[in-house]
Amino acid sequence: IELYPDRLIVEQRQIRKPDFEKELETIINRKLEEGFKRDELTIVLKVAENTRRGDVAHIQTSMRGLNVRKVIYSPFGKKQTRR
Numbered sequence: 750i751e752l753y754p755d756r757l758i759v760e761q762r763q764i765r766k767p768d769f770e771k772e773l774e775t776i777i778n779r780k781l782e783e784g785f786k787r788d789e790l791t792i793v794l795k796v797a798e799n800t801r802r803g804d805v806a807h808i809q810t811s812m813r814g815l816n817v818r819k820v821i822y823s824p825f826g827k828k829q830t831r832r
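Per the working numbering, the sequence shown runs over residues 750 to 832.
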């Protein structure tokens, strides 16, 4: 999942933010039908710089509601500097 200030990407597809929970539920159910166990599923959430905290909180709440157990958070968009 890639979260930007102006868009949301799930499995390389842009979706509307209000549709996130339904889309994620569909993906999780598909993975479970394919034989994965719920504790084998890991969500990687990449959050772009300047993304509103409220958008991140909405995504987190939706994932908790779907009983997502493993999430890896990763920021991106910041420029690396050397010292």
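Treat the hints with care, since some could be wrong.
Using 30 Å as the maximum straight-line C-alpha spacing, the simulated DSS-like pairs for lysine-lysine come out as follows [unchecked claim]:
hint : residue 1 : residue 2
1    : 819       : 780
2    : 786       : 771
3    : 795       : 819
4    : 795       : 771
In short, the hints are calculated from the structure, not lab data.
Hints, one by one, checked against the model:
A C-alpha spacing of about 14 Å is found between residue 819 and residue 780, which places the hinted pair at or below 30 Å, so the restraint holds. Proximity of residue 786 to residue 771 is assessed by CA-CA distance (about 20 Å); at most 30 Å being required, the pair is judged to hold. For the given pair, residue 795 sits about 14 Å from residue 819 by alpha-carbon distance, which is consistent with the 30 Å threshold. The hinted pair formed by residue 795 and residue 771 meets the criterion: a straight-line CA distance of about 19 Å does not exceed 30 Å.
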